[in-house]
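There are 2 protein chains.
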Amino acid sequence: MAQGFGFTLTARNGAARTGVITTPRGEIRTPAFMPVGTAGTVKAMLPGSVRETGADIILGNTYHLMLRPGAERIARLGGLHRFMNWERPILTDSGGFQVMSLAGLRKLTEEGVTFASHIDGARHLLSPERSMEIQRLLGSDIVMAFDECPALPATEAELAKSMRLSMRWAQRSRDAFGDRPGHALFGIMQGGTSIALRAESAEALKAIGFDGYAIGGLAVGEPQEEMFAVLDHAPGFLPEDRPRYLMGVGKPDDIVGAVLRGVDMMDCVLPTRSGRTGQAWTRRGAVNLRNARHQEDPRPLDAQCTCPTCRSYSRAYLHHVLRAGEIIASMLLTWHNLHYFQELMAGLRQAIADGALAAFVTAFHTFRAEGDIEPL
Amino acid sequence: MAQGFGFTLTARNGAARTGVITTPRGEIRTPAFMPVGTAGTVKAMLPGSVRETGADIILGNTYHLMLRPGAERIARLGGLHRFMNWERPILTDSGGFQVMSLAGLRKLTEEGVTFASHIDGARHLLSPERSMEIQRLLGSDIVMAFDECPALPATEAELAKSMRLSMRWAQRSRDAFGDRPGHALFGIMQGGTSIALRAESAEALKAIGFDGYAIGGLAVGEPQEEMFAVLDHAPGFLPEDRPRYLMGVGKPDDIVGAVLRGVDMMDCVLPTRSGRTGQAWTRRGAVNLRNARHQEDPRPLDAQCTCPTCRSYSRAYLHHVLRAGEIIASMLLTWHNLHYFQELMAGLRQAIADGALAAFVTAFHTFRAEGDIEPL
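Protein chains in written order, with our numbering: chain A, 1 to 376; chain B, 1 to 376.
Derived by calculation from the structure, the hints in this document are not laboratory data.
There could be a bad hint or two in this list.
[What the hints assert, rightly or not] Simulated restraints on C-beta separations:
#	chain 1	residue 1	chain 2	residue 2	range
1	A	376	B	358	24 to 32 Å
2	A	22	B	306	29 to 37 Å
3	B	195	A	288	56 to 64 Å
4	B	79	A	269	33 to 41 Å
5	A	290	B	79	53 to 61 Å
6	A	306	B	119	47 to 55 Å
7	B	240	A	306	23 to 31 Å
8	B	27	A	303	44 to 52 Å
[What the hints assert, rightly or not] Covered by chain B, per the in silico footprint, the following chain A stretches (three or more residues, Cβ under 8 Å):
#	segment
9	211-217
10	310-317
Quick caveat: nothing in here was measured; it's all calculated off a predicted structure.
Even glycine gets a Cβ: it sits at the ideal position worked out from N, Cα and C.
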């Protein structure tokens with residue numbers, strides 16, 4: 001791996017693994033969930049609070065940051081860590097995924113993607129070389145190769161064409177990244193739902209050589225069983241001794257299924273976005289706090305949860321501040337959700353270390369099947 | 001004063017005083033600034049953070065809370081302190097001021113005010129008796145008498161008529177409040193800009209007898225010199241040994257002028273509301289962080305400020321998150337503003353204790369006259 005980086009697996013349980021990624025900015029316990037800090041902030045949270053939930057690393061979005069405030073500006077201000085007051089590891093995506101989703105506003109060529117900013121309409125180019133430059137300017141610890149992520153469903157021919165373009169871009173990303181001690185570069189496997197294309201993509205990436213390997217092109221709206229069908233094979237195509245990062249996942253049961261299948265890292269906007277719309281995640285599943293059933297419920301969201309929200313606030317209060325449109329609603333629910341996600345990861349890590357993952361997963365599903373506590 | 005309450009003056013400097021109000025829920029150092037927690041939350045702040053800024057007491061709004069979530073509901077949930085997770089003293093207003101401002105939607109009689117809710121249009125009555133009941137249900141530590149607050153400018157006859165109605169309501173408030181150990185009732189002086197009416201109002205209130213006395217009917221849009229002209233006399237009409245609370249004030253220079261004239265308590269939405277619109281308050285005056293001059297400024301808002309915002313974030317970051325509409329912008333600026341207001345109060349208290357208020361006030365104005373630091 002890159003100088004200053006290491007990855008040590010400390011236990012296996014079936015296909016699942018637990019370990020630690022060492023970086024110059026601190027350790028990342030795996031399996032790891034990375035909160036998303038799109039525009040230089042994990043929305044509605046102070047960085048110290050994000051850390052208190054148990055997060056070892058957060059994710060930043062190249063697309064958003066290049067447009068506002070701009071990568072060169074962040075570099076002049078000392079890099080993304082200092083800018084946003086988060087001194088631990090940051091992984092940045094390549095910008096590819098978000099640019100691709102600007103249907104109609106972007107043009108794809110072998111060189112890269114030209115697109116219009118959603119903020120001011122200005123034209124921009126993203127290419128493997130520019131993406132590497134932006135992520136260097138941001139000071140990202142884990143840099144992602146620039147790739148294309150096709151929408152699903154797609155034909156085998158479309159998936160193959162797209163994946164092979166991504167593999168040529170992976171080589172260009174590797175070349176442009178160069179040798180940067182203290183900074184790691186991850187390649188991204190594509191191939192959609194085709195196991196054969198996934199295998200081909202993995203071979204291409206391994207031939208180039210990366211510090212870690214991501215599984216891209218999933219969590220784009222396909223049914224969970226389709227994603228799991230790919231994950232039954234894809235992690236096994238990747239090197240044992242490198243971190244495996246499943247991009248954009250996911251709901252708690254997606255996370256559990258992915259870890260069972262050998263994934264080490266994940267990211268998703270779900271806990272933060274849900275927190276701003278009144279949806280809480282607990283061991284018993286999702287709870288919509290806008291529902292009138294909570295309006296006079298003095299109980300916490302989850303009596304066993306140790307987060308600041310559950311220790312000090314009733315469902316009735318959360319319902320009230322949501323209805324009143326108060327900022328504290330987003331603050332408290334985001335904190336709870338991130339705490340729950342990190343607690344889930346800690347539970348998974350411990351279960352793998354104890355060789356007790358099957359029992360943990362059974363308990364996880366049993367609790368969720370019970371559903372939320374009965375109304376008073 | 002009410003059982004469990006006390007007010008001790010520890011120093012005087014000219015007309016200014018410093019001391020401490022003791023309550024069953026903790027001490028309130030005076031002169032005190034009370035952050036406003038309108039609907040059960042000091043907007044964009046967690047209660048622990050409000051306390052960290054140095055606040056000893058916060059204010060809650062009867063009008064907002066009676067409509068949503070409802071006073072009876074808050075009572076069933078254990079009272080406002082538990083509901084909003086603030087265990088220290090809470091002062092609630094009477095609802096009168098906000099109901100009066102619903103021009104066209106309310107009807108005033110000797111009995112009280114009937115009005116339509118701004119949330120769902122439902123009809124409500126607020127009277128001295130109902131206001132006392134609501135504030136009891138909320139569990140307020142310092143209850144305000146129900147009064148009418150006329151708009152300025154107004155004729156002497158209008159001011160007199162309104163003030164005398166408020167004095168009859170003050171008596172009804174006192175009667176309805178009864179004897180509630182651990183809870184204090186404050187009367188509210190009215191009379192607008194008329195010194196004679198202020199004196200008459202003060203006499204009426206003293207004849208009824210209250211635990212503290214507020215100066216109402218100011219900070220309703222009149223020029224500062226008009227407010228100060230009233231404050232040159234009004235505090236002196238009130239008992240020396242009771243707290244004097246100037247309602248709805250104010251900007252930092254309003255606060256300094258009010259303290260100089262013998263005011264002990266104040267409240268205002270300014271630091272919190274400004275925090276949500278990108279305006280910061282520092283020793284050098286107001287700073288608009290949306291201004292493009294800040295976009296690449298690596299300096300903190302105020303290099304000498306010890307708040308979390310100034311310790312860890314640049315003006316460039318604050319500018320960015322404001323422009324991007326991120327919640328953290330409101331969180332960081334509100335925190336800074338409340339910290340600044342509380343630091344100003346601490347400075348005033350210390351200066352009075354040291355007999356050095358004049359020098360403090362000179363330095364306060366000198367710093368402000370310098371204006372914000374030069375752009376880079």
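We went through each hint and held it up to the structure:
| no. | hint | result |
| --- | --- | --- |
| 1 | A:376 / B:358: 24 to 32 Å | violated, 60 Å |
| 2 | A:22 / B:306: 29 to 37 Å | holds, 34 Å |
| 3 | B:195 / A:288: 56 to 64 Å | holds, 57 Å |
| 4 | B:79 / A:269: 33 to 41 Å | holds, 37 Å |
| 5 | A:290 / B:79: 53 to 61 Å | violated, 24 Å |
| 6 | A:306 / B:119: 47 to 55 Å | violated, 35 Å |
| 7 | B:240 / A:306: 23 to 31 Å | violated, 50 Å |
| 8 | B:27 / A:303: 44 to 52 Å | violated, 34 Å |
| 9 | 211-217 | violated (count 0) |
| 10 | 310-317 | holds (count 5) |
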